[in-house]
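Engineer: Read in our numbering, the sequence shown has 1352 at position 267, and its numbers run on one by one without any break.
Mixed in with the good hints there might be a few duds.
As the list claims (entries may be wrong) - No farther apart than 20 Å at their CA atoms in a straight line, the calculated lysine-lysine pairs in the PhoX-like style are these: (1) Lys1276 <-> Lys1222; (2) Lys1102 <-> Lys1132; (3) Lys1132 <-> Lys1105; (4) Lys1179 <-> Lys1321.
Rather than coming from a laboratory, the hints here were simulated on the basis of the structure.
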Amino acid sequence: MIQTIWQPNTPVHQQLKALKPYLLAQVQINNPAIDQRVHELLAAGGKFLRPGFFYLFSQFGTDQEPARLQAGAAAMELLHVATLIHDDVIDEAKERRHITTIHQDYGQRNAIYAGDLLFTCYFDQVLLAALSREDVKRNTAAMRGILQGELDQMAHNFNPTTTLTDYLAVAAGKTARLFSLSCEQGAHLAKAPTEIVQLAQQIGQQLGIAYQMLDDILDYAGDEKLTHKPILSDLKDGVYSLPLIYALQTDPSLARQLPMPGATVTNEQLLTIRDQVIVLGGVTRAQQLATQYTQQALSLINDLPAGATQQTIRRLVTQLLVRNH
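Hey, can you work out the whole structure from these sequences and the hints?
Structural biologist: Structure (structure tokens):
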């Protein structure tokens, strides 16, 4: 089922419905158990944000060639799902989209190989959609930025001196890079004017950073039943995100309570740290910065051609960045 964020009977909703069976047909793994689990993950879908924004920004172009756009949208989702499979291994997550993660049932090695295989499927779709070799280079650079962002995050794990600048660099890579690529590629592959393509990239970047900030806020202030993610999982893993960075700025002594690598941490300890982060204003300040990035995205959206597509993008960005899951 396509998430209700995409209004029924709209062109994007119909394109995303058609994208699901297309994705399943493009991914064939010569291991029945892994193939079935990957197909279940693709079929379950998430919000389909990246291909959805790809299709929305394609509406500013003059060349709506269905096969090329479908391959371009599929590439965005395949790259996203590949990174999710790897993230689940790192995070030791038990479920993704209400489906048991691959590594839980078949081991970390098989999960990593499944994610790697999806990277190759991603590039198959990039090649099908590409207008020139520059498109391949653009996608390669984006994938490099995403992976570099993940490595940068690991380099800062369990580091209480992580700065706001460090955090923003990680968010720009691991999350915002794929949002910006999706928006940019949608406009570019539909042959929108150059200024629209550049604007799409900028909107996706601001949206992606704000989206990551809200994810991190929900790790401290969200409802686990809505997020379907254990609260404070990042903190337990040594990922010191925006609310904690702000709290440490206010009270550096909080660092003495933070988990050490390999240490056993109780839920009570994590909840105590969470309460202090909230009291020290970490969540409030993080929300304020996320609002600034949201406003920057909305300001850029105002520069898009007026009409229904612009209004839809504005509505979605506003809706996504005040979400509770």
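Engineer: Indicate, hint by hint, whether the structure satisfies it.
Structural biologist: Tested hints:
no.	hint	result
1	Lys1276 <-> Lys1222	holds, 17 Å
2	Lys1102 <-> Lys1132	holds, 12 Å
3	Lys1132 <-> Lys1105	holds, 12 Å
4	Lys1179 <-> Lys1321	holds, 15 Å
The structure is consistent with each of the numbered hints, conforming to all of them.
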